[in-house]
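Keeping their order, the protein sequence lines are chains A and B. Residue 77 in UniProt numbering sits at position 77 of the first sequence, with consecutive numbering throughout. Residue 13 in UniProt numbering sits at position 13 of the second sequence, with consecutive numbering throughout.
Bear in mind the hints are in silico, worked out from the structure with no lab data behind them. Hints should not be assumed to be uniformly reliable.
Stated by the list, open to error - List of simulated lysine-lysine pairs, DSS-like, C-alpha gap at most 27 Å:
1. A:198 / B:505
2. B:183 / A:128
3. B:183 / A:7
4. B:624 / B:512
5. A:4 / B:624
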Amino acid sequence: MADKILKELTIKVWRQKNAKAQGKFETYKINNISTGTSFLEMLDILNEELINGGTEPIAFDHDCREGICGMCSLFINGRAHGPDDDITTCQLHMRMFSEGETITIEPWRAGAFPVIKDLIVDRTAFEKILQAGGYISVNTGGVPDGNAILISQDDAEEAMDAAACIGCGACVATCKNSSAMLFVSAKVSHLAKLPQGKVEAARRAKSMVAKMDEMGFGNCTNTGACEVECPKGISIGNIARLNREFLVAKIKD
Amino acid sequence: MTVLNSKIPAGPIAEKWSSHKAAIKVVSPANKRKLDIIVVGTGLAGGSAAASMAEMGYNVKAFCYQDSGRRAHSIAAQGGINAAKNYQNDNDSVHRLFYDTVKGGDYRAREANVHRLSEVSGEIIDQCVAQGVPFAREYGGTLSNRSFGGVLVSRTFYARGQTGQQLLLGCYASMNRMIGQGKIEMHERSELLDIVIIEGKARGIITRNLVTGEIERHSAHAVVLATGGYSNVFFLSTNAMGCNAGAAWQAYKNGACFANPCYVQIHPTCIPIHGEQQSKLTLMSESLRNDGRVWTPKKKEDAVKLQKGQITANDIAEEDRDFYLERRYPSYGNLVPRDVASRAAKERCDEGFGVNETGKAVYLDFKYSIERLGKDVIEARYGNLFQMYEKITAANPYELPMQIYPAIHYTMGGIWVDYNLMTNVPGLYAIGEANFSDHGANRLGASALMQGLADGYFVLPYTIGDYLADEIQVPRIDVNHQEFVKKEKAVTDRMTRLYNIKGTKTVDSFHKRLGNVMWENIGMARNEEGLKLAIKEIQAIRKDFYKDLRIPGDYDAMNIELEKAGRVEDFLDLGELMAYDALDRKESCGGHYREESTTEDGEAKRDDENFAYVSAWEYQGEGKAPKLNKEELVFENVKLTQRSYK
């Protein structure tokens, strides 16, 4: 498909010097952007212009630019990762925007994800939840042959569906309660679907949920917004599984 | 004068690793508690090493520049990981994996290292399964395999098109477990800026906290660099934007030799460049070549029409399609190794048969496999890759063939290490892509993940004990030692120097200029004249960099331009070293294609008589030419032959 040129766009972007400073929106104009350009490349171009003009560039998190590292975290025109489905911000392309449009860019907004600078937020709370139990307790070495643990194709596929979570935080950003349930449920489901993970399933569900609450994420009220904005299509069916795992664990107590 | 001792154990190749393990020292559990290890980088190599060594009882401090260990660029590997399991009963074996890897590396890897890699490959799969990596399974519940370029057996294990992600999440989960238990002290958003050497041994690092801008000192009994490759020296590559050579470059400046810097792998199946504002290249997994057929038009007039957008691939008749890989390499066909496939694509495009508006693209066509297997099967195998391609290019690969072109992907060179993975600086280790040892001048698909995890899970945790056993009497290293003070000052001086240039040009503008010189002269094809020119041009860019760089923002706070400036400063120096290395190597091997060294039918021509060595470059001080040390490569178990995939 031939690329077109967007002659002028207006960029309204959240600027915040650091965690303690008060932030506000700034407005910039940008010209002659090819529709084949990615959204982050558009920001690169804008940043070059800002630096050339003596202004500090807009800070935003990004790394792989292949839709998999989960680092990019922009809330664009009211949607996590912007106006397209099943993508991260780096996969968003300017062909999704039209001539003369005003594009509003904000960081993830959630109490558990404090802003570090401009569009960069601190997602350490996710790390803490995983450190509380998001693993199978196995030391390196001394494990059985891979084929000694038979796993049905369907179970492996379902585990993979959940394991595809990239930990970007779009689910939290888009949830009106800033709940981390989709993220936590994805990890719990991934490991609960596999025989290796079953041994400590109850302990895992309890400790991860407890840590999630402690880190200040809100409750899940089943609106399903998280699933809509998840770049990897993680299903809210996982939340049902987490609830079941958690309930069973509690009953066992 | 550096003496390179590879410490390759004596004895038959198949017994070297076992006998070495039996001979090296082991640290008792009570003493492991007293020993600190720094691991820089949390990709497959660093993550698995940190987790394994923490499980063993060492105190590990792990560092990464990203906001989470899970974001290391290993996460982007798509296709798979090799292991000699012979689950498919297709006659695979440790020896065959060893042989394919040495041959695929164009006979420029160390035999002993590669054999060990093949030996432990099976254990890696077992370990990952135990951690819950959801590898693809057959209906009966056993593990599934596919094949990759350069190989005639199916030995690649995979988790959809997200194998790197799943393997990384496996070792990251193990790391998390150890962080939770207090055995790993994790430092995210931290960048290594120097290495501290005390009495000849690596004893710590100086880092910059990327959030606060603070310069920090961290000490340990040993330092492990697992910092990946340096493809971003080309600006446009398949690496993540933050991938850098900083740690490796600091190792080099502190006395570690830098080996084979000019060996760069070009990956044949990337999405072509679309315009001047592009920031990076996106790889399409090599596994696609299992079911995709590569072609260009036979007739130049068809190519011209494609370039002008007057027709599409589907308008070209079957008999007018040139399946050039199948034509030139009948036995491997579309599954030839990456360097061969890349050169063949470039050759077709250089001849004018490219299929997009820039003339720099060939087709990777799934029409035939969809006809043979059905769309459902192809979707199940590669669905997420097809989706990714469509998001980026706005073209549907189920209906029109993908357009692909080679791109810089992986660096085979790196810090020189011995068989224990230790550099020539005692106590300083390098693992995974950061070292040079296992791949030679090229690497086959699915073997980078294998090396990262082999080093981290099953090699370094043993070999580091041999060094640390003699360190148990050494008390915790004091960060107030004068060497720490000195290095901290050096780092501060360096960063303030960059910050205070106050010129007019952005960091990226210098990076792009460097990248352009690199791609034009030290890219897919190189010649003496171009390499000499490149050295001059890089020196000119460096001069301008120190005169006219502009870094806005605050010095002592998060400052992304300052971070990038340090990385580009290192790339400028490294780029020059790559040119020196490429100049010295007057042969073609792997991704290093010297135009002066070709066979009559246009294939790369190696020169074993004169170049069967590892180039280990030694730093001689600022502005001085580096010194070349050579490690002769000895091949006792494979016969050096012209690589043929015909």
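Here is how each hint holds up against the structure:
| no. | hint | result |
| --- | --- | --- |
| 1 | A:198 / B:505 | violated (57 Å) |
| 2 | B:183 / A:128 | holds (15 Å) |
| 3 | B:183 / A:7 | violated (55 Å) |
| 4 | B:624 / B:512 | holds (25 Å) |
| 5 | A:4 / B:624 | violated (49 Å) |
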